[in-house]
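Number of protein chains: 2
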Amino acid sequence: VSHTNKVRTTVQIHGQRYTVVGKEPSSHIRMVASMVDDKMREIKGKNISLDTSQLAVLTALNIVSEHVKIKEEYEQLLKKLEKEEDNNA
Amino acid sequence: VSHTNKVRTTVQIHGQRYTVVGKEPSSHIRMVASMVDDKMREIKGKNISLDTSQLAVLTALNIVSEHVKIKEEYEQLLKKLEKEEDNNA
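Chains as they are written, first to last, in this note's numbering: chain A, 19 to 107; chain B, 19 to 107.
These aren't lab readings, by the way, just hints derived from the structure by calculation. One or more hints might be untrue.
Same chains, same label: a pair holds when it works inside one copy or across any pair of copies.
To be verified - Capping the alpha-carbon separation at 30 Å, the derived lysine-lysine pairs in DSS-like fashion look like this: (1) Lys24 / Lys41; (2) Lys64 / Lys24; (3) Lys62 / Lys97; (4) Lys87 / Lys62; (5) Lys24 / Lys62; (6) Lys64 / Lys101; (7) Lys62 / Lys101; (8) Lys41 / Lys64; (9) Lys87 / Lys101; (10) Lys98 / Lys64.
All values reported here derive from a predicted model rather than from experimental measurement.
Kindly generate the complete structure, drawing on both the sequences and the hints.
Here it is, written out as structure tokens:
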């Protein structure tokens, strides 16, 4: 880690290399990249005619959909936890 | 909703139309599509030279990164909640 706290990580997704610069550790970026790569392969398997940009957009769409659902669950859980803490106060 | 429970929703992302078929309500798909579209525009603004497939892959990478982080928080919260419930039992 340099004095600017910027970490450079190069990953390969769907056959192409990407260099990511950010605060996240390389291990996190590599895990995330492999999840995107897996999801692209999965969607490509079901939709063989998609080009790379369509495939990547549909991958993003799938991931955001899951993200929104888990975020809603998370917020409900947070509310439940706050309510229990109020009851215990 | 037809007897197969499949919902077809057409959305526009980064100037291209996509038809999504699935169990999710159209409102969910439209919200998710607009989040992907916004994120692509945001990343394109910072990296003007990216082509559409690179842009979409980097968008997916950003979204998965946030997804993994919130999922970890969610799991920690879940553990905390279970522990409190054990203490109250």
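Structure-based check of each hint:
1. Lys24 / Lys41: Classified as within; 5 Å inside a copy, 41 Å across copies.
2. Lys64 / Lys24: Answer is between; shortest inter-copy Cα gap is 17 Å, intra-copy 38 Å.
3. Lys62 / Lys97: Result: close neither inside a copy nor across copies, 38 Å intra and 36 Å inter.
4. Lys87 / Lys62: both (23 Å within a copy, 26 Å between copies)
5. Lys24 / Lys62: between (33 Å within a copy, 20 Å between copies)
6. Lys64 / Lys101: Classified as neither; 44 Å inside a copy, 41 Å across copies.
7. Lys62 / Lys101: Neither, since 44 Å and 42 Å both go past 30 Å.
8. Lys41 / Lys64: Between copies only: 17 Å across, 35 Å inside.
9. Lys87 / Lys101: both (21 Å within a copy, 24 Å between copies)
10. Lys98 / Lys64: neither (39 Å within a copy, 39 Å between copies)
The structure does not agree with the numbered hints 3, 6, 7, 10 stated previously, though it agrees with the rest.
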